[in-house]
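Q: For reference, the chains in residue letters:
2 protein chains.
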Amino acid sequence: MDADEGYVLTPWEVSGNIDYDDLIKRFGTSRIDKTLQDRIENIVGEVHFMLRREIFYSHRDFNWILDQYEKGNRFAMYTGRGPSGHTHVGHLMPWIFAKWLQDKFGVDLYFQLTDDEKFLFNFDMELEKTHSFALENALDVIALGFDPEKTHIFIDTDYINTIYPIALKVAKRLNFSNVKAVFGFDNSTNVGSIFYTSIQSAPCFLPTELEGKDVPVVIPCGIDQDPHFRLTRDIANTIGYFKPALLHNKLAPSLDGTGKMSASIPKTTIFTTDTPKDVKSKLSNAFTGGCISAKEQREKGGNPDICAIQNYRYFIFEENDEEVEKIAKKCRMGDILCGECKAQLIEKVNAFLKKHQDGREKAKDLLDQYIISD
Amino acid sequence: MDADEGYVLTPWEVSGNIDYDDLIKRFGTSRIDKTLQDRIENIVGEVHFMLRREIFYSHRDFNWILDQYEKGNRFAMYTGRGPSGHTHVGHLMPWIFAKWLQDKFGVDLYFQLTDDEKFLFNFDMELEKTHSFALENALDVIALGFDPEKTHIFIDTDYINTIYPIALKVAKRLNFSNVKAVFGFDNSTNVGSIFYTSIQSAPCFLPTELEGKDVPVVIPCGIDQDPHFRLTRDIANTIGYFKPALLHNKLAPSLDGTGKMSASIPKTTIFTTDTPKDVKSKLSNAFTGGCISAKEQREKGGNPDICAIQNYRYFIFEENDEEVEKIAKKCRMGDILCGECKAQLIEKVNAFLKKHQDGREKAKDLLDQYIISD
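These protein sequence lines map, in sequence, to chains A and B.
Numbering of the first sequence is given in numbering that gives the first Met the number 0, commencing with residue 0 and proceeding in unit increments.
Numbering of the second sequence is given in numbering that gives the first Met the number 0, commencing with residue 0 and proceeding in unit increments.
None of these hints come from the bench; they were simulated from the model.
Among the hints, erroneous ones may be present.
As the list claims (entries may be wrong) - Quick list of simulated restraints, FRET-style, between CB atoms:
| # | chain 1 | residue 1 | chain 2 | residue 2 | range |
| --- | --- | --- | --- | --- | --- |
| 1 | B | Asp66 | A | Thr274 | 52 to 58 Å |
| 2 | B | Ser187 | A | Phe26 | 21 to 27 Å |
| 3 | A | Lys103 | B | Glu208 | 44 to 50 Å |
| 4 | A | Lys103 | B | Asn236 | 35 to 41 Å |
| 5 | B | Glu208 | A | Glu53 | 27 to 33 Å |
| 6 | B | Glu127 | A | Asp66 | 30 to 36 Å |
| 7 | A | Lys212 | B | Gly211 | 41 to 47 Å |
| 8 | B | Gly211 | A | Thr9 | 50 to 56 Å |
| 9 | A | Pro147 | B | Lys103 | 55 to 61 Å |
| 10 | A | Gly27 | B | Asn284 | 38 to 44 Å |
| 11 | B | Glu208 | A | Glu346 | 49 to 55 Å |
| 12 | A | Asn62 | B | Asp123 | 22 to 28 Å |
| 13 | B | Pro147 | A | Arg25 | 57 to 63 Å |
| 14 | A | Trp63 | B | Glu127 | 53 to 59 Å |
Unchecked claim - When the alpha-carbon atoms are kept at most 20 Å apart in a straight line, the in silico EDC-like pairs for lysine to aspartate or glutamate are as follows:
| # | chain 1 | residue 1 | chain 2 | residue 2 |
| --- | --- | --- | --- | --- |
| 15 | B | Lys328 | B | Glu339 |
| 16 | A | Lys24 | A | Glu339 |
| 17 | A | Lys281 | A | Glu295 |
| 18 | B | Lys259 | B | Asp18 |
| 19 | A | Lys149 | A | Asp233 |
| 20 | A | Lys179 | B | Asp185 |
| 21 | B | Lys128 | A | Glu208 |
| 22 | A | Lys279 | A | Glu339 |
| 23 | A | Lys341 | A | Asp304 |
| 24 | A | Lys149 | A | Asp367 |
| 25 | A | Lys128 | B | Glu208 |
| 26 | B | Lys149 | B | Asp373 |
| 27 | B | Lys179 | A | Asp185 |
| 28 | A | Lys212 | A | Glu339 |
| 29 | B | Lys276 | B | Glu208 |
| 30 | B | Lys281 | B | Glu295 |
| 31 | B | Lys212 | A | Glu127 |
| 32 | A | Lys212 | B | Glu127 |
Stated by the list, open to error - Far from chain A by the CB rule (all over 10 Å, computed), these chain B residues:
| # | residue |
| --- | --- |
| 33 | Phe26 |
| 34 | Val178 |
| 35 | Lys242 |
| 36 | Phe286 |
Predicted, not measured: the structure shown is a model, and the values here were computed from it.
A virtual CB, placed ideally from N, CA and C, is assigned to each residue, including glycine.
Construct all of the structure, not just a fragment, from the sequences and the given hints.
A: Below, the structure is given as structure tokens:
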């Protein structure tokens, strides 16, 4: 994907100001509109704030998933993580949403940790390292409280015996032109990276293989991952499987107010392993919509629309819409200054991380309940 | 590889009249000359007829393997088979030779059955089918009498958990240009085939991984498989392993006197599962160097140099050089006609197959002793 549109978005690179509406057109996905939101609400009795706020804003075939559900065909979910470092709060977004889907629909989740991918796509990264990050990242998944009976986490290199035969079926139907067009590969791309999309496709068909009958699968994931599944969908029927459905989220913004939260820029990213001191320091330095002086801000008010602090609330840390709007209003009126506003979020994030980190500690004893391997 | 040289030779296509001397130049390998033959003889006390007759005629670094051996560093062997059908006697050649090496040097053999390869490279072949041929082909390996303590046969999809992490290290160092240049791939090649050479490379480093120390490895194989290992050798040191050494054999000729014995032309190929009747029929119809009439042949003599029957003797079924020469002489003198000559070989082949097929039956109970899986 080139930068003609003013941004770059592939599964491995996101930069510039992403035009999410443009992505719907370019990728050929459907918007999660009010009708679909209402349909979900009718079935499960509520709408998650990430749907309401259009953070999960785009989909493929989710109406079909609901059709199947209403017919009594339980679907399965699949999502994952590329373990190249610590988990940051942006990664948690689709997982928090998946947890909600699991609670509401009572469905199984398959969670892929792609240690192979991160080894292949990062020249300096050793496989031992990505495997160790995979185990570490699994703690973050478990800490969110997924149902251990219905949640199956696997690390690619430990589950490859099961994944590989499915990946081969996918790989046989994709050629270099296909992956070149979708991912922008060229002749210097390594052959592991060229093959890799087959490994990320395989779990779409894993529930069907494990249960021995056709299981509809929906993938909640960042919109940057859609290219993989576009390829998967193109070939799914040919190899005898249902096409996977998708629910796409917008990517969590960075604390400096530009682009996507990125693990490679730790200063502008909150990791789940951060200490209260880290959080305080990072959020205190975040880009806001405040004025140059307290005096000016009290007079003119701030701009919450461009504020990283307010974005963090909106995307993850404040489920209550009225609360979000209340702070925005106070900001615009000059009734709250950035320091106070930051202090409020710092407290909120640290409370979240305290609970999450406790969960991570407990998760160390629970790995066996969640992790599946060959 | 194009047909500029009047023949095509890749791991997946062999046609035309192969110029084996030309291959040494083009591939940059070394001839197994008298000096190397003598060195082998000095160490183990004899020279196998396939070395003496220059059927195993080319190598890479086999002197280094012998240096290591003489220093007390035991090497390992690796060879394999693409299970797309029944085994034919041409396939047995490098295995018979490997058996001799095992007996003489007391070394371990790792034998790879590439069910994934044959699935990926044959559009109409199902993975279940190639896996089932893999098990069937394993019987042929076992029937040759390899030492069960020192022989480790694996099917890729059953051993991928062990193979995959090694294959990833290889895959990360090979790009599309590399495999395109060596195998003649293009943009329409499927991504599984593009990746596959990494899977065939991995066993070169398997003994090192399993033993936890650097193990020199030599691969006895058809010269058509060399391109895979040329790539492997290029990157081996970079990823911390010894380069594999190679011993290359010429490919067994077809019974119609043209090209290589091919499983896809059953009439001109003897399979290990053939009945005595099959053998009689196929050898009776083989191309020979005989004359148009018995009378003419008694007068002018035949030409054993172009005779498929004589080739079969030379390549596989007659270890005794004097015997081969005796028949050639009789043929040239017109002292033996094709019928008698064929009858003699039919008897020899059927005796061989009788013993081999008995071995295959017994092998069914021995699979557990030879097959390693995850």
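Q: Flag every earlier hint the structure violates by its number, smallest first.
A: Hints 4, 5, 8, 10, 12, 14, 16, 17, 19, 28, 29, 30, 34 not satisfied by this model.
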